[in-house]
Each structure stands twice: as structure tokens, then as C-alpha cells.
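J.: Sequence:
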Amino acid sequence: MKAHRSTSSHRYKKQVNTAADRNKKPILEVIKKYISPYVERLSKECRSLYCLEISSGTGQHVAYFAPHFPSVIWQPSEVDKSSFSSISAYIEDSAVSNIQQPICIDICEDYTKWEGGKIGKQSVDFMVNINLIHISPYKCTEGLFRNAGQVLKSGGILFTYGPYAFHGKISPESNVRFDSMLRYENPEWGLRDIDQLTTLAMESSLRLADIVALPANNHILVWNKD
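Note that the sequence shown ends on residue 226 in our numbering; no numbers are left out.
Derived pair list, reagent style DSS-like, types lysine-lysine, alpha-carbon separation capped at 25 Å: (1) Lys81 <-> Lys13; (2) Lys25 <-> Lys14; (3) Lys153 <-> Lys139; (4) Lys153 <-> Lys121.
Because the hints were derived from the structure by calculation, they are not lab data.
The whole structure should be built from the sequences, with the hints applied where relevant.
T.: Here you go:
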């Protein structure tokens, strides 16, 4: 899949998320650990890898990650098209050619409906999803795993980042308060339990390969596609 760049200026439309600025570096270090071996192994084949980001938000993450992986084509996506101009602005300012323009993806829909079938079955090497699972209805999490099981190639990886409950318990107290705040704002939101996610993932041939603790009581969960 060939990347392309926007030639018009979008700088004035850039949005800034302070949490994204804080967490992008530690997230990158974990992603590097898992993606770099794929890049090295396939370098002799002269083949690009493909990474789909679900819920790209402002575009800060994809613009920060992509320059570190020039042989990986990055595809940002958002359900909210009002975010597109900010994502495009970050793409333009990144000065790299391996980020595609954002596409609209409703993760609750089947992948065959995404952008008229732009993302095919077993066409994706990696998926990245940051801060969606706890700030969305559970049906979005179900859609994430269900679709990841379809579009990821065998051996592909799904990275999810955020705060989680572990074996029926939320800790530390700051995460307990955060969970209560989320549920007060929307009863369908809240921290999901890792056991619940593991069961859900197994239904789509995904298995939990690693749990990496990161700052601010967040974790990256690394899921492998069988």
C-alpha cells in the first residue's frame, strides 16, 4: 500500500493533546521492541510493512512513530472526521512519506465497510490503539478485537494502551478515582479487566503476549495473531 502526502498547508488546524506528548516516547520504545525484528527480517525482501492506527485522535502519535520506521506504512484513522485536519497537519509537519492520509473507521462496523473495503482481510502487519478501550462503550472494544482478528496477518501484532483493571482489581487509588469519573460521565465507559479482554481476544485468535507497565499507571498490552 503506497503512502501519500498532502501538499496543502494544515498547520493552523493542529490540535495538541498534552497526554499524547507525555506518553508518545515510552509507547514508541515498546513498539520498537516488537516491530524492529519484523523490519530486520523483511529488509531483504524489499517489502513495506503496514500499520493501522485505530482512533488516531490529534495525529500526534502517528507523526511521532512513523519517522522511526521508514519501511512501515502508517495508516491513521478516526471515526470523527473533524480530527482529520489535525492529523493531516501533523503528517505534513512530520516531513516523512510513509504516512497515509486519515481514513474514517467506525470500529464497531465490520472491516469490509471501512472506506469501501480499503483494508482487506489479513492485509495488516500491526495495529495500534491508544486510549480508546476505557473511553468508549464496550461494543467498541468488541469491534476492535473482532476486526483485528480479521485484518491482521498471521503473526501480526495489536498494541493497546491505557489503564486497565487486573484480575478484578483496579489500582492504584488514582485509577480507581479515574474509573469512577469515567463511569459518572458515561456509564458505558470505564477501565476494562485484563481477564475479560483476554477472553474476548481468544475468540478472534488473538493471545496476550506481553504486558508492559508505563508511566502514569498505564500499560501496553501486546496481542499476537495466531
